[in-house]
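Chemist: Here the protein sequences line up with chains A and B, keeping their order.
Residue numbers 40 to 595, in my numbering, belong to the letters of the first sequence in order.
Residue numbers 245 to 472, in my numbering, belong to the letters of the second sequence in order.
Treat the hints as calculated values from the structure; they're not laboratory data.
All values reported here derive from a predicted model rather than from experimental measurement.
The hints are all genuine.
In silico lysine-lysine, PhoX-like type, Cα no more than 20 Å apart, as pairs: (1) A/68 <-> B/466; (2) B/281 <-> A/309; (3) A/278 <-> A/531; (4) B/428 <-> A/234.
Output of the computed footprint for chain A on chain B, the stretches with three or more beta carbons under 8 Å from beta carbons of chain A: (5) 389 to 403; (6) 455 to 464.
The following label-pair restraints were derived from C-beta to C-beta distances: (7) B/446 <-> A/188: 15 to 25 Å; (8) B/277 <-> A/280: 29 to 39 Å; (9) A/277 <-> B/341: 18 to 28 Å; (10) B/358 <-> A/583: 52 to 62 Å; (11) A/43 <-> B/356: 49 to 59 Å; (12) A/237 <-> B/338: 17 to 27 Å; (13) A/126 <-> B/444: 48 to 58 Å; (14) B/458 <-> A/582: 48 to 58 Å; (15) B/317 <-> A/398: 37 to 47 Å.
Virtual Cβ for every residue (Gly too), placed ideally from N, Cα, C.
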Amino acid sequence: MYPEYMLESIKKVDKTRAKRLEIAKKYGKKVYPPMSEEERKEVLSTYHPDYKDDARKAVRIGPNKGEMITNEVVDILESYPRNDPHVFDLNKVDLETDVLVIGAGSAGLAAAIEASNLGSRVTIITKLRLGDSNSMMAQGGIQAADQSDDSPVHHYLDVIGGGHFDNKPDLVEALVMDAPRSIKWLEDLGVMFDKNPDGTMMVKSGGGTSRNRMHSARDYTGAAICRVLRDEVCNRPDKIKYIEYTAATELVLDEHKHVAGAIIFHLENKLYSIIKAKTVILATGGFGRLHIRGFETTNHYGATADGLVMGYRAGANMLFMDSVQYHPTGAVFPEQIVGFLCTEKIRGLGAQPVNNQGELFVYPMEPRDIEASAFIRECEQNRGVTTPSGLKGIWLDTPLIELINGHGTIEKYLPAMLRQYRRFDIDVRKYPMLVYPTLHYQNGGLEIDDNAETKVPGLYVAGEASGGIHGRNRLMGNSQLDIIVFGRRAGKNAALKVSKGITLGKLSLKHVEDYIHEVDKLGIDRKRISPVVLPDYIPDHIKAKQLTANYQGTII
Amino acid sequence: MADKRKLIKVYITGELFEVPEGSTIITAMEYAGFQLKRGVGCREGYCGACATVYREKGDYKLKSGLACQTVVSEGMAIAMIPFVPAEKPVYDLDELSPEISTFIDLFPNVFRCVSCNTCTKSCPQDIEVMDYVQAIIRGDLERAANLSFDCIRCGLCALRCPAEIVQYNNAILARRLYARYLAKKSPELETRIKELEKGKFKKEIDQMKKMPREKLSEKYYKREIKIS
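Throw the hints in and build the complete structure from the sequences for me.
Modeler: Put into structure tokens, the structure is as follows:
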């Protein structure tokens, strides 16, 4: 439960609620004027963490050499590989496959299903369990313009405006045009969406959307999708092989620089294997667990951007890796759930962000980067609430949801949120949540075309590891959509390529050797290695006493 | 900055460690020096990777929960469950019917439920597990699908079930059958897909793809927002 002094601020929120309810009843979501182009620029440049002077530096190596990129990303790119490439005998292959999928979130699972539909032999490797991913954690929804008052044209404009017009148009087109079919594909596989009694989809709005097009499955949307895809993969043991607790550390190319497989190793027994594959799909997710600028994150334990490193070393270029998404509403109280996601659907259902005086200060449905910046502004100008551990936040007035939509709405449509807070004796139907932006999403990634292929022949990327779809800011519900759209495209195109016939040349890790030579020139610490594989949360004073104190990188 | 939190004693797989008060089981283990691989996933209660059995000081009962959501207490004894080797039958959804006979074929032991309610008591999501098992037995797949919806497949129900039922695998089949065969289809969705197949919207999208940034920006900021 909240301490007494926080309850005092909540009293002020309670006091203004009736008036704010009136405004909501009159104006819907427009309880505060949306920002103009100039206002957006102003709030971003002053308060968004990406715009701090020391947020980026030039990467000195690889295909994007010279480009200004988020510091923590530069550090994992300017790192030594986990192994000396000379230790591997590439003539001794442990497993051969047509399509190798690295990562088993929804993008990887969708790719595997589609590739197997077209007759390819598929192998999935994942460093944790099948389905363990950010996909499983997505709460709010998946966008698709299937309503009669909506169209893919509106969807296109929302996506590209939300991304500050930097998005690759071909990818946006693929995203919005494939969206309705993707929903149907999921429903046919057995995903239960929230529906109206007549069978039409129950849709909500999201930040930066001009129509209600957020499809949901309570506030377990990502889980509802991902667990069905996982179940489907498990139903195809003769077509799809999966290997868990196994991380990829390097891509293998052939002598003609066509992708040809990967070096993998088992996290527990440390055995490594060489997989030879005609095509590879990277579906490794984003970088949340790198804790950019020290931010807490909503992300899964495995979100360490391994695919970005492997793909980059193999010659694939990146787009928009100067851009980080902070989700506006991360929990800041209680201590145990700091950084956890409070879904955007909460605002979609009418909850309003208010300051310590209970006052509205921003249009609740701005795109995420704008909304997050406005929250930071409010806190920096001392209109936030400080927690006992010194974190700041603003109130997200959840009790309003029940007043707008009727008693029982939260229990029915936000059961995960209700459960999360109830575990700590806070009933969000009666008390607001204290929130602050939290590290959520890697906006950029490895550049793909609309076939989901990179510039490295045979190497595909799907999901958060890819770049270009969302420009420099992704809107809510478009990630759940992109993992399905581009997961499926990657799977289909990889399988088609295989069916046309691929003859691989001699396997090679020369690209890794060359990369090491480049890293040598930078004079960096030899202990800096990547991919990161898993984050390390052991406190320094304990670590100092461990036998592995001088181990390179995380203890894996 | 030195960590000023009060330390309490806990037993991790039988071994004594001092960890900060207020930690969850996961963060307590990390504080104690464990680099977790199994038994850790989303860390927010969505993935079901961290099923854990524990006993509180002075209590004889073995309790269960999610390690990422359970706060440690003085004297608590903890054991994480790395994996549940439960049976998962293979099926092709296209060939199934949303009927009780499907469960008779694929999950015959679900009918052995003795209504002891142990599954419900062991569920960290507070799902009425026994009720959805009973709904499956009655052939009420809609009820089973809805009651089981928030399942995160941690495996605790199956581990404690005296009738050896794998509740969560039954549940996902019930939900998949319901969504595929029983839920009403959206006529709007079908119409939109047909429109897309006929090439509708392509021309307008192509125009926007070619638009210079300034013009596109103008169109974007002028667009009508119709949300409720």
